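Participant: Sequence order for the protein chains is X and V.
Those letters in the first sequence? Residues 1 to 271, by the UniProt record's numbering.
Those letters in the second sequence? Residues 1 to 271, by the UniProt record's numbering.
Hints are supplied without guarantee of correctness; some may be wrong.
It does not matter which identical chain is used: a pair holds within one copy or between any two.
Unchecked claim - Pairs of lysine to any residue residues, derived as SDA-like cross-links and limited to a Cα-Cα distance of at most 20 Å, are as follows:
{"#": "1", "residue 1": "LYS31", "residue 2": "PRO75"}
{"#": "2", "residue 1": "LYS31", "residue 2": "VAL69"}
{"#": "3", "residue 1": "LYS248", "residue 2": "GLY184"}
{"#": "4", "residue 1": "LYS19", "residue 2": "THR239"}
{"#": "5", "residue 1": "LYS34", "residue 2": "TYR80"}
{"#": "6", "residue 1": "LYS31", "residue 2": "ALA21"}
{"#": "7", "residue 1": "LYS31", "residue 2": "PHE9"}
{"#": "8", "residue 1": "LYS158", "residue 2": "ASP32"}
{"#": "9", "residue 1": "LYS34", "residue 2": "ASN23"}
{"#": "10", "residue 1": "LYS195", "residue 2": "GLY206"}
{"#": "11", "residue 1": "LYS195", "residue 2": "GLN267"}
{"#": "12", "residue 1": "LYS31", "residue 2": "TYR80"}
{"#": "13", "residue 1": "LYS150", "residue 2": "ASP129"}
{"#": "14", "residue 1": "LYS133", "residue 2": "GLY206"}
{"#": "15", "residue 1": "LYS142", "residue 2": "LEU235"}
{"#": "16", "residue 1": "LYS31", "residue 2": "ASP11"}
Treat the hints as calculated values from the structure; they're not laboratory data.
Computed from a prediction, not measured in an experiment: that's the story for all the values here.
There are 2 protein chains.
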Amino acid sequence: PLETPAMEFYDILTGKYGKEAENLIYRLDYKDGKTLALRYDLTVPLSRVIAMNAELVRPIFKRYQIQQVWRGERPQRGRYREFTQCDIDAIGSTSMLQDAEIIAAIYEMMIGFGFHQFEILINNRKILDGMVKYAEVGDRLKEVCRSIDKLEKIGAEKVRQELAKSDISARAIKKIFSVIEIEGHHETVLDELEKIIGDVAQEGIGELREVRSYLSDLGINEGYYRFDPALARGLDYYTGPVFEVVIKDAGIGSVVGGGRWDTLIGQYTGK
Amino acid sequence: PLETPAMEFYDILTGKYGKEAENLIYRLDYKDGKTLALRYDLTVPLSRVIAMNAELVRPIFKRYQIQQVWRGERPQRGRYREFTQCDIDAIGSTSMLQDAEIIAAIYEMMIGFGFHQFEILINNRKILDGMVKYAEVGDRLKEVCRSIDKLEKIGAEKVRQELAKSDISARAIKKIFSVIEIEGHHETVLDELEKIIGDVAQEGIGELREVRSYLSDLGINEGYYRFDPALARGLDYYTGPVFEVVIKDAGIGSVVGGGRWDTLIGQYTGK
């Protein structure tokens, strides 16, 4: 396990989580004039550790970390200002095997905890990129993702309204929904995606095919995961596969989430 | 185990640890204008929990807590700005059996960790109170304690100098040293204390006799503890027995410390 300090310079945490999340960073002014912040998640601290200790990733650095994080939210049912996160990451490989291994670890954990009514939703940021290119709103990726991220919570109609309010044209919204509403068996979803946005999202679709073949090799029961083109994940730093675990019929949102983040460390080292 | 929030209102933490310690409290200004502080120890947070949940102490509340604390020090060998503390406390009884049980728990822990070259130093704040009354510098308890607390670290000569610099008379310093230099077998120390300051510190000496009889009942090997009239412990909130564990010949200062704090909770509730 890795442990990182509770406090970080405020500037290190900004520009990485997205605008809405950034408002929740616990920003604190210390008496010596420094602007500090409390740990917002365990990913940015990890990327700093890696940036400062490049030798760790020879060949691959795997770690888990269980520590508190702080978010300046209005406290409400299930949401606290201070809570514990548990992260598993693997650094140093571009292979989709890493993503599949993380998903497999989550699967083992859920089964180990005695859950059986769960589903791992999987998507790829490159598919979302392709989708907004197909809808010809490529410069509005963040707004679109932020809206479709709420699909489960507020329903399709409200997402349409929100997109319209963001000046996304009716034609573009129709195209976006033609992608995010794809559903069916794993192969069907990937085939459909290929048909509609294969020209702009082939890389993402290819990556998901790889993930699927590794998940199969790793013995993951294919009833426990599903490709969901509407899965966006809030944070800005994801670059490849993203995933989320939902408990069926529990109405409590996602209980686990994550994804590949390939460029965060480079923001420190310039590489 | 109990867990308490990392952050507390700054005002709650002040006036409890002593002046030198107070400078190390991580004071932070939050954007909404509130002055916050990071947890400095686990005792003041516990006393707040008890003050807000009086029903917990019927009849006795025992808890352990393992969490991070923060102190704005200059980082150096063995001293960090963020570190983990482990506390064991029992709330709700004035019996010296509680103090003896805590000491016994520390003893079991040290043995359990495989240490054998350790010594538990024990004193009582009421003996220190008596000592300064005997030296007729009763209004200078904190300064005197702060100086003799450094005895092990800087030696007797420098402590004398420091006391002289604080305008403690040569006669008073002599009296103070006649108390803090008492050593010998447990009974000898208590008898000597009784002879010199029995009129002003009888209660403290009586409490240590009780602790000793309970330690004996609890089967604690009497070679592992020692009554040390020079043991002061830095923090202001102690009111009765105080103790500290040193590893012999290791030169690393104390590794465990604590004591009875009877008035801290009353500072919240006015009782």
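Participant: So, for every hint listed, does it hold in this structure?
Facilitator: Hint-by-hint comparison with the structure:
1. LYS31 - PRO75: Only across copies: LYS31 and PRO75 sit 17 Å apart there, 27 Å inside one copy, limit 20 Å.
2. LYS31 - VAL69: The answer is between: 18 Å across copies meets 20 Å, while 22 Å in one copy does not.
3. LYS248 - GLY184: within (17 Å within a copy, 70 Å between copies)
4. LYS19 - THR239: Within one copy only: 17 Å inside a chain, 51 Å across chains, cut-off 20 Å.
5. LYS34 - TYR80: between (26 Å within a copy, 19 Å between copies)
6. LYS31 - ALA21: between (26 Å within a copy, 16 Å between copies)
7. LYS31 - PHE9: This pair counts as both: shortest intra-copy Cα distance 14 Å, inter-copy 15 Å.
8. LYS158 - ASP32: Neither: 47 Å inside a copy, 32 Å across copies.
9. LYS34 - ASN23: Close inside one copy (19 Å) and across copies (17 Å); limit 20 Å.
10. LYS195 - GLY206: Within one copy, since 13 Å is at most 20 Å while 88 Å is not.
11. LYS195 - GLN267: neither (35 Å within a copy, 71 Å between copies)
12. LYS31 - TYR80: between (27 Å within a copy, 18 Å between copies)
13. LYS150 - ASP129: within (18 Å within a copy, 64 Å between copies)
14. LYS133 - GLY206: within (17 Å within a copy, 83 Å between copies)
15. LYS142 - LEU235: Within. Shortest intra-copy distance 10 Å satisfies the 20 Å Cα cut-off; inter-copy 52 Å does not.
16. LYS31 - ASP11: both (17 Å within a copy, 15 Å between copies)
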